[in-house]
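**Student:** Note that the protein sequences, when read in sequence, are chains L and X. Once you know that position 80 of the first sequence is 80 in my numbering, the rest is easy, because the numbers rise by one and skip nothing. Once you know that position 4 of the second sequence is 4 in my numbering, the rest is easy, because the numbers rise by one and skip nothing.
Honestly, the hints are just simulated from the structure, not real lab data. Even glycine gets a Cβ: it sits at the ideal position worked out from N, Cα and C. Mixed in with the good hints, there may be bad ones.
Claimed, not checked - In silico DSBU-like links for lysine-lysine, alpha-carbon gap of 35 Å or less: (1) X:Lys50 <-> L:Lys48; (2) X:Lys51 <-> L:Lys194; (3) X:Lys50 <-> L:Lys85; (4) L:Lys142 <-> X:Lys50.
What the hints assert, rightly or not - Reference listing, derived: stretches of chain X covered by chain L, where coverage requires no fewer than 3 residues with Cβ under 8 Å from a Cβ of chain L: (5) 7-20; (6) 27-39; (7) 43-51; (8) 67-75.
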Amino acid sequence: MPHDHPDHAHDHDHGLSPSGHPYRADNDEPLTYWQRMEIAVRELLIEKARVSPAEITAQIEVMDARSPANGAAVVARAWSDPAFKTRLLADAGAASREMGFDIGPLNLIAVENTDSVHNLIVCTLCSCYPRNLLGLPPDWYKTREYRSRAVREPRAVLREFGVDLPESTRIRVHDSTADMRYIVLPARPAGTDKMTEAELADLVTRDAMIGTGLARTP
Amino acid sequence: MAERVRVRAMMPPGHVRAPVYLRGKEGVIERPLGAFHNPEQLAYGLSAEKKPLYRVRFRMAELWGETAENPNDTLDAEIYEHWLERL
Chain L
1 MPHDHPDHAH
11 DHDHGLSPSG
21 HPYRADNDEP
31 LTYWQRMEIA
41 VRELLIEKAR
51 VSPAEITAQI
61 EVMDARSPAN
71 GAAVVARAWS
81 DPAFKTRLLA
91 DAGAASREMG
101 FDIGPLNLIA
111 VENTDSVHNL
121 IVCTLCSCYP
131 RNLLGLPPDW
141 YKTREYRSRA
151 VREPRAVLRE
161 FGVDLPESTR
171 IRVHDSTADM
181 RYIVLPARPA
191 GTDKMTEAEL
201 ADLVTRDAMI
211 GTGLARTP
Chain X
1 MAERVRVRAM
11 MPPGHVRAPV
21 YLRGKEGVIE
31 RPLGAFHNPE
41 QLAYGLSAEK
51 KPLYRVRFRM
61 AELWGETAEN
71 PNDTLDAEIY
81 EHWLERL
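Between the sequences and the hints, there should be enough to build the whole structure, so can you do that?
**Tutor:** Right, here's the structure in full:
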């Protein structure tokens with residue numbers, strides 16, 4: 001029993017857990033203005049029968065179910081099928097729909113990493129991200145630090161992600177400022193000639209498609 | 001030869017999608033993207049006419065001068081035509 005610990009009194013302050021770790025503060029701050037606004041609008045829409053709670057839950061489940069696996073499948077297809085890769089680089093939205101991914105009204109551009117070019121995606125103004133293909137963005141993607149440093153010192157940022165590129169590699173940063181969303185087509189790793197499309201997809205990480213990582217080597 | 005442009009160095013109030021760090025900077029058109037509803041009206045629920053949008057490529061040396069990590073690295077951003085002047 002935690003409170004039976006012999007080293008201190010029963011009414012000790014709750015600064016540390018029995019295993020010696022600090023307790024995390026409860027997440028029960030008051031609602032922000034925008035959180036109240038969202039709840040009010042949602043409740044009005046339900047009250048006026050424009051949407052049902054079940055529809056809202058279903059849509060949240062759709063958003064949560066999207067994952068980088070969809071993007072990885074697109075990349076693996078591009079690595080395996082040169083004609084598909086040509087179509088992907090010409091119109092990434094159409095190529096993704098061709099594979100059956102519902103990417104909605106997304107205007108998607110694929111940018112290709114090669115031996116001499118490395119692409120990095122950022123949205124300095126907010127958090128634009130190809131959610132329909134990669135799922136929800138990682139928390140760091142939305143931070144002021146990533147958004148400001150990716151355009152100012154992309155090489156330093158990449159080194160912190162473990163990607164140290166030679167000066168001879170041209171870095172192209174893409175700031176998603178308006179209506180386009182971007183996905184990086186990573187370079188296909190060496191030694192993967194005999195791999196199937198499904199095996200290749202396992203090498204494609206979320207970060208590789210943002211440009212903060214490289215595809216895994218088998 | 002890619003078309004050279006400069007981002008207008010305007011500071012209008014309200015919702016705009018031309019980042020401040022690119023205003024007054026010169027680049028080249030990387031590709032035209034077609035026309036999209038102007039976010040400067042769309043953000044306020046106004047009827048927004050479609051405006052041509054371009055991807056503009058800037059050299060890091062143009063954006064950050066001597067302090068650029070590598071002057072030949074580039075940054076691409078989407079800029080609406082009414083924010084661009086032809087050079």
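**Student:** Where does the structure disagree with the numbered hints, that is, which hint numbers, in rising order?
**Tutor:** 2 and 7
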